[in-house]
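Trainee: What follows is the residue order along each chain.
Protein chains: 2
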Amino acid sequence: MITALAGGVGAAKFLTGLVKLVRQEDLTVIVNTGDDIELHGLHISPDIDIVTYTLAGIVDEEKGWGINGDTLHCLQSLKNLGQETWFTLGDRDLATHIFRTAMLKKGKRLSEVTAEISHALGIKVAVLPMTNDPFETRIITAQGSIHFQEYLVKRGAIDEVRGVEFLGADHAKPADGVIETLMDSELIVVCPSNPIVSIGTILAVNGVRKALQETEARKLAVSPIVAGAPLKGPADKLLRGLGLEVSAFSVAKCFADFLDAFVIDAADASERGRLEELGLEVKVTNTIMRSLDDKVSLAKAVLEG
Amino acid sequence: MITALAGGVGAAKFLTGLVKLVRQEDLTVIVNTGDDIELHGLHISPDIDIVTYTLAGIVDEEKGWGINGDTLHCLQSLKNLGQETWFTLGDRDLATHIFRTAMLKKGKRLSEVTAEISHALGIKVAVLPMTNDPFETRIITAQGSIHFQEYLVKRGAIDEVRGVEFLGADHAKPADGVIETLMDSELIVVCPSNPIVSIGTILAVNGVRKALQETEARKLAVSPIVAGAPLKGPADKLLRGLGLEVSAFSVAKCFADFLDAFVIDAADASERGRLEELGLEVKVTNTIMRSLDDKVSLAKAVLEG
Chain X
70 MITALAGGVG AAKFLTGLVK LVRQEDLTVI VNTGDDIELH GLHISPDIDI VTYTLAGIVD
130 EEKGWGINGD TLHCLQSLKN LGQETWFTLG DRDLATHIFR TAMLKKGKRL SEVTAEISHA
190 LGIKVAVLPM TNDPFETRII TAQGSIHFQE YLVKRGAIDE VRGVEFLGAD HAKPADGVIE
250 TLMDSELIVV CPSNPIVSIG TILAVNGVRK ALQETEARKL AVSPIVAGAP LKGPADKLLR
310 GLGLEVSAFS VAKCFADFLD AFVIDAADAS ERGRLEELGL EVKVTNTIMR SLDDKVSLAK
370 AVLEG
Chain Y
70 MITALAGGVG AAKFLTGLVK LVRQEDLTVI VNTGDDIELH GLHISPDIDI VTYTLAGIVD
130 EEKGWGINGD TLHCLQSLKN LGQETWFTLG DRDLATHIFR TAMLKKGKRL SEVTAEISHA
190 LGIKVAVLPM TNDPFETRII TAQGSIHFQE YLVKRGAIDE VRGVEFLGAD HAKPADGVIE
250 TLMDSELIVV CPSNPIVSIG TILAVNGVRK ALQETEARKL AVSPIVAGAP LKGPADKLLR
310 GLGLEVSAFS VAKCFADFLD AFVIDAADAS ERGRLEELGL EVKVTNTIMR SLDDKVSLAK
370 AVLEG
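So the sequences go chain by chain: X and Y. Under the working numbering, the first residue of the first sequence carries the number 70, and numbering increases by one thereafter. Under the working numbering, the first residue of the second sequence carries the number 70, and numbering increases by one thereafter.
None of these hints come from the bench; they were simulated from the model. Every residue, glycine too, gets a C-beta built ideally from N, C-alpha and C. Take these hints with a grain of salt, some might be off.
Unchecked claim - Label-pair ranges, simulated between beta-carbon atoms:
hint: 1; chain 1: X; residue 1: E229; chain 2: Y; residue 2: G151; range: 44 to 50 Å
hint: 2; chain 1: Y; residue 1: E130; chain 2: X; residue 2: L173; range: 33 to 39 Å
hint: 3; chain 1: Y; residue 1: A338; chain 2: X; residue 2: K177; range: 57 to 63 Å
hint: 4; chain 1: Y; residue 1: D362; chain 2: X; residue 2: R224; range: 50 to 56 Å
hint: 5; chain 1: X; residue 1: R287; chain 2: Y; residue 2: G151; range: 33 to 39 Å
Stated by the list, open to error - As a list, the in silico DSS-like pairs of lysine-lysine whose alpha-carbon atoms are at most 27 Å apart:
hint: 6; chain 1: Y; residue 1: K132; chain 2: Y; residue 2: K306
hint: 7; chain 1: X; residue 1: K148; chain 2: Y; residue 2: K174
hint: 8; chain 1: X; residue 1: K175; chain 2: Y; residue 2: K148
hint: 9; chain 1: Y; residue 1: K177; chain 2: X; residue 2: K175
Produce the complete structure using the sequences and hints provided.
Mentor: Written out as structure tokens, the structure reads:
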């Protein structure tokens with residue numbers, strides 16, 4: 070049994086490689102829901118959808134999110150109705166959000182709805198939201214606190230980050246199965262996702278960090294920072310905003326309390342010494358995933374690591 | 070000032086002709102909402118949408134409903150998610166339902182949302198829902214009471230009609246402006262719509278029938294029954310199910326308490342005597358609307374009638 074902690078695009082790319090090497094049935098993915106947002110009255114779970122669409126083989130690979138070949142007819146009509154459309158929602162993609170929203174309104178839990186969507190998409194990986202409770206990542210900027218999606222997508226991550234807050238974290242319980250799968254796993258992989266707003270959120274759910282410290286599973290993380298810069302997304306701006314160094318080492322420090330081993334890119338081989346001082350085993354490999362081969366090679370290194 | 074009482078397709082066709090002869094600003098349409106239904110968690114108002122799409126010139130003219138050239142990508146994906154898709158919802162059309170549902174959830178009234186949609190579609194006709202309150206037309210069949218859309222669309226009107234019920238009618242108040250426009254109009258036209266489930270519903274809203282009896286407006290109705298059969302829809306089955314004759318005369322009787330004049334097709338000229346006995350002026354013309362010319366001619370006959 071393998072469990073992965075995942076954000077969006079980086080994690081999904083890594084998982085694409087992993088499922089070439091392990092049976093989907095043996096993999097559980099715990100996904101960040103701090104990015105979830107209500108738009109047009111619909112409950113959007115961006116990271117869950119990126120993971121499920123990617124595992125189902127229907128993701129728009131060029132963008133890393135959304136459904137391949139999707140159309141934007143509904144969104145254009147929403148724009149004609151005067152609605153803000155900075156968050157792209159394709160017509161096929163909208164079905165997921167409409168379905169999810171309707172099921173939640175009927176009283177189903179997000180974990181149940183996610184399982185139903187995964188099943189319908191033919192995925193055998195268990196995709197678990199980190200929590201079924203409200204949990205909202207907000208970025209503190211000079212203009213005040215704004216939703217993470219507003220910071221990232223609407224405003225293009227241009228604001229200086231003064232802080233990050235997790236609304237609801239105090240009361241968020243892990244979704245059904247999250248603690249159990251962490252305790253029962255043989256291997257837990259922290260995917261190459263944003264350490265603050267993708268993995269940090271999962272760790273902020275009550276009981277998750279403790280389970281990671283206590284489980285007998287081997288725990289590895291793949292650095293999302295290569296040569297001092299994130300492969301994708303605003304991890305550098307967030308780390309810097311929180312007064313942290315932008316480096317693989319800085320990411321490792323976020324997880325050092327529970328991690329056994331850390332996987333870094335060859336470009337960061339010089340970090341080995343500092344990482345070993347944190348008590349971590351260090352694995353150096355190519356972590357940049359351009360092709361499927363890259364993804365499989367990285368997954369192989371992790372499984373061997 | 071002209072006010073029309075309207076159901077769906079038949080009314081919309083008639084209104085297409087009417088707006089060629091009168092300024093949109095001088096026309097108010099009070100629309101049936103008894104057909105409204107929640108599907109996929111979205112509030113669908115079929116007759117309002119037929120009227121607004123038609124007046125905006127974007128309706129799928131062949132079907133009489135939906136948006137011309139619309140695609141079904143979202144609906145197909147909802148089907149893949151195991152959802153019932155017997156009610157066709159196009160991608161562009163869905164924007165209307167998503168917008169309406171989100172606005173209602175925010176606490177706006179259906180009349181406000183309808184005005185916003187009309188404005189966005191460039192319509193200057195005032196389109197008013199008959200009520201902002203819950204009002205649900207149900208058909209009593211051998212299998213029990215089912216929603217009108219389930220009777221009509223899902224089951225194709227195959228069930229024997231044993232009765233009709235209007236859930237919520239006891240408490241439904243007219244939407245903002247409905248009574249005022251009836252009292253202030255010079256001419257009120259009952260469109261050629263189903264007398265039971267399109268016009269009967271409007272008349273069942275508290276105070277509407279009384280306002281129609283008391284207003285000084287001239288009141289005409291166009292028969293939706295020609296030569297003993299409805300031009301469209303299940304009016305014959307409903308009339309028969311309620312023990313009523315399927316005829317223009319039978320429709321006129323439903324409105325005789327407030328009507329001044331009744332417009333029938335040349336095919337029903339022999340009804341004149343019976344209709345006059347109800348105290349109605351009778352106007353005989355072609356009521357079958359195949360072309361735009363037919364629609365304009367009928368509207369002209371009504372305006373002159």
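Trainee: Tell me the numbers of any earlier hints that the structure contravenes, in ascending order.
Mentor: Of the numbered hints, all hold.
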